[in-house]
Amino acid sequence: MSLPFILFFVFALIAIGGAVLLIVAREPIHSALSLILVMMSLAGLYLMLGAEFIASVQIIVYAGAIMVLFVFVIMLLNAGVEERTDYSKMAKYAGIPLGILLLLELAHWMHHSLIGKTPANGAGSANVMVSTRELSMQLFQKYLFPFEATSILILIAILGALVLAKRDE
Amino acid sequence: MNVVPVAYYLVLSAVLFGLGVVAFVFKRNIITILLAIELMLNAVNLAFVAFSQAWNHLSGQVFVLFVIVVAAAEAAVGLGIIILIQRSRQSLNVERVDLLKL
Amino acid sequence: MEFVTQHAVLVVSLVKIVILLFLTLTTLAYLTWFERKVVAHIQSRWGPYYVGAHGLLQPLADGVKFLFKEDVTPPGADKFLYVLAPFLALSLALTTIALIPFGPATITILGQPTQLIVADVNIGLMFLFAITSIGVYGVALAGWSSNSKYPLLGGLRSSAQMISYEVALTLSVVGVVLLAGTLNFNEMVSDQTGYYRYLPFIPRWHVFPQIIGFLCYFTSAIAETNRVPFDLPEAETELVAGFHTEYSSFKFAMFFMAEYANMLTVSFLATILFLGGWLSPFPESWTFLQYLPAVLLLGLGVYLAYDAVMGATGIARIQLVVITCGALLLGALCLLPAVMPVIQGPFWFLLKVGGLLFFYVWTRGTLPRFRYDQLMSLGWKLLLPVSLANLVGTALWIVFPFLVKH
Chain A
7 MSLPFILFFV FALIAIGGAV LLIVAREPIH SALSLILVMM SLAGLYLMLG AEFIASVQII
67 VYAGAIMVLF VFVIMLLNAG VEERTDYSKM AKYAGIPLGI LLLLELAHWM HHSLIGKTPA
127 NGAGSANVMV STRELSMQLF QKYLFPFEAT SILILIAILG ALVLAKRDE
Chain B
919 MNVVPVAYYL VLSAVLFGLG VVAFVFKRNI ITILLAIELM LNAVNLAFVA FSQAWNHLSG
979 QVFVLFVIVV AAAEAAVGLG IIILIQRSRQ SLNVERVDLL KL
Chain C
5 MEFVTQHAVL VVSLVKIVIL LFLTLTTLAY LTWFERKVVA HIQSRWGPYY VGAHGLLQPL
65 ADGVKFLFKE DVTPPGADKF LYVLAPFLAL SLALTTIALI PFGPATITIL GQPTQLIVAD
125 VNIGLMFLFA ITSIGVYGVA LAGWSSNSKY PLLGGLRSSA QMISYEVALT LSVVGVVLLA
185 GTLNFNEMVS DQTGYYRYLP FIPRWHVFPQ IIGFLCYFTS AIAETNRVPF DLPEAETELV
245 AGFHTEYSSF KFAMFFMAEY ANMLTVSFLA TILFLGGWLS PFPESWTFLQ YLPAVLLLGL
305 GVYLAYDAVM GATGIARIQL VVITCGALLL GALCLLPAVM PVIQGPFWFL LKVGGLLFFY
365 VWTRGTLPRF RYDQLMSLGW KLLLPVSLAN LVGTALWIVF PFLVKH
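Sequences listed follow chains A, B and C, in order.
Under our numbering, the first residue of the first sequence is numbered 7, with each subsequent residue one higher.
Under our numbering, the first residue of the second sequence is numbered 919, with each subsequent residue one higher.
Under our numbering, the first residue of the third sequence is numbered 5, with each subsequent residue one higher.
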């Protein structure tokens, strides 16, 4: 049980725990906080996968800005406790075991396939940390058009959100 | 071996995606449903980054950046719509939003 | 010692973290004393002078008071979030200290050579911004979990202010990153060595080419840390005490310390990015300046000795004698040949940070506060376009070859 495996399992357990908390929580603010927990553990996993820039972007943008927006809206709308509903018995007693069975089978076949072996397409990738410089070279040269298109997308989203949230005076 | 194989990350990504789907289907509050969508997007991001490291190819990470940007735009507009729904129906229960007319 | 050699990085990091944490918490406590004294002198009065000589035991008295106060939890408050919020605020504010380089020297701890930085991350700047952007949750959750209208409004306003100014903060720093070409703090400071070719008395600090960026950064930093003139959400005359209205005793002390720790962090960052970090403004050839820390500390010791003999009585005299001995000891320590080259970097670094903190406290004592809509329009309509223009200007400047120094 070497250190990478231990770290992976710690982060994975925190992520799954956060996702389960999101489902189980009764108030939306707790669900939002559990999602933030999932995002932080995913940032840790990205660091392990050699994506340091993506890890920091995930924390700054996703966990630090988008989720703050969610928390604001929850606070402003004063979203309280959810109403309880009746889940179908079929879902609880047949669904969960079947789901776990599907998952185990998926994991088994992934483990035995080519994907399950140590990574590398012959390129000998030995857990290198991708530098910001390489990433930005790709982003601004090869993927320049999608980059500019997403900036227009953000502009449209800002206009849309402004128009939607404006009160009719 | 010293490196965690890609399969582990993919299984984790599948589990998180599945839990996101469960939350999407079973929860009643609109905001929680939007949170479940974000969880699914995060699971997909993890798969992208895992493959980017497996094939030693940077496009996986570039795509993750775009996914984060699109998620931000969608969250902003989605929350705007949620505010409008709350204003017109005084409830955040998704079962109340069942008419085409706002 | 086997454990030390096998897990060298771990043990050395732990030692550095313990030392740094101890020094930081003491600094935070005495920062409150410093602020009260300076604001008092600006307002033509003495600050704390009763508790201990020159009021130096005041932070201790405050700490004891906070510990012994009754810890009230408002009814209907979300207990988990209520406890989580101050914990989050303080722990995140203290985590950023791990990324700061205090000097260039290499010292040996427990037989292992190590740098004067706890975590030398290649993208240190991005991680620092990541940690400060999570710090917004401390404020927002404090406001929400208190189950009362003043904290809710104060928390909403305060966190909206923090995320607005975070954008301007991050953009005003990108100009420096363009000039330095790296996100690593150590390299960023090393990039600021030397002097300009035609003006050999001006050091190559980033504040000179990026003066607009520095002003934008510092204004955004004051707003980000919720200090006067941007402290409407927590001013006493406005919203009782904003998001920390319902907090008492130690949790309030944690918010208090978190605010000062945030102040410390942005001052550290400003010094590294703009003011040349641990570099001295004087040329390296002036080696007599190496005695400056020792001279200053010994001078302080002499002044305190004079004060002990002439001025004070009773307990204050005993306390002054103790501090005098401490100052003289530290001064003598700085004269040791093993310590003298190591202490130069941290000395200049802390001097610059102290100057910035004094400026923080000075603006607190001088300026009136902004109204909330003025505050938000300043952040979005003035600082954001100005820092964007700074970024574009810097980028154009770098592209033209005859203006780039390398």
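These aren't lab readings, by the way, just hints derived from the structure by calculation.
Errors might be hidden in some of the hints.
Stated by the list, open to error - Here are the computed distance ranges between Cβ atoms for each label pair:
id, chain 1, residue 1, chain 2, residue 2, range
1, C, ASP124, A, HIS118, 50 to 60 Å
2, A, ILE160, C, PRO79, 38 to 48 Å
3, A, PHE153, B, GLU1013, 34 to 44 Å
4, A, VAL26, C, TYR54, 47 to 57 Å
5, A, PHE11, C, PHE292, 52 to 62 Å
To be verified - Derived BS3-like pairs: lysine-lysine, alpha-carbon spacing no greater than 27 Å straight-line:
id, chain 1, residue 1, chain 2, residue 2
6, A, LYS172, C, LYS153
7, C, LYS41, C, LYS83
8, A, LYS172, C, LYS385
9, C, LYS153, C, LYS73
10, C, LYS69, C, LYS41
11, C, LYS83, C, LYS69
12, A, LYS148, B, LYS1019
As the list claims (entries may be wrong) - To be clear about the criterion: a stretch of chain A counts as covered by chain C if any three or more of its residues have a C-beta under 8 Å from a C-beta of chain C, and this derived list gives those stretches:
id, stretch
13, 20-26
14, 134-140
15, 151-159
Just so it is clear, CB atoms sit at the ideal spot from N, CA and C, and this is done for glycine as well.
Each hint, compared with the structure:
1. C:ASP124 x A:HIS118: 50 to 60 Å: 41 Å, violated
2. A:ILE160 x C:PRO79: 38 to 48 Å: For C:PRO79 against A:ILE160, whose Cβ atoms are near 43 Å apart, the range 38 to 48 Å holds.
3. A:PHE153 x B:GLU1013: 34 to 44 Å: The hinted range 34 to 44 Å holds for A:PHE153 and B:GLU1013, with Cβ atoms some 40 Å apart.
4. A:VAL26 x C:TYR54: 47 to 57 Å: 56 Å, holds
5. A:PHE11 x C:PHE292: 52 to 62 Å: Roughly 56 Å apart at Cβ, these two residues keep to the hinted range, so it holds.
6. A:LYS172 x C:LYS153: Given pair A:LYS172, C:LYS153 holds - Cα atoms ~24 Å apart, limit 27 Å.
7. C:LYS41 x C:LYS83: Violated, because 37 Å separates the two Cα atoms, which is more than 27 Å.
8. A:LYS172 x C:LYS385: Distance of about 19 Å is within 27 Å: holds.
9. C:LYS153 x C:LYS73: 24 Å, holds
10. C:LYS69 x C:LYS41: Holds, because 19 Å separates the two Cα atoms, which is no more than 27 Å.
11. C:LYS83 x C:LYS69: 24 Å, holds
12. A:LYS148 x B:LYS1019: 45 Å, violated
13. 20-26: The restraint on the stretch 20-26 of chain A is violated, since only 0 of its residues have a Cβ under 8 Å from chain C and three are required.
14. 134-140: holds (count 3)
15. 151-159: With 0 residues close enough to chain C, the hint is violated.
In summary, the structure is inconsistent with hints 1, 7, 12, 13 and 15 from the numbered list given earlier, while agreeing with the others.
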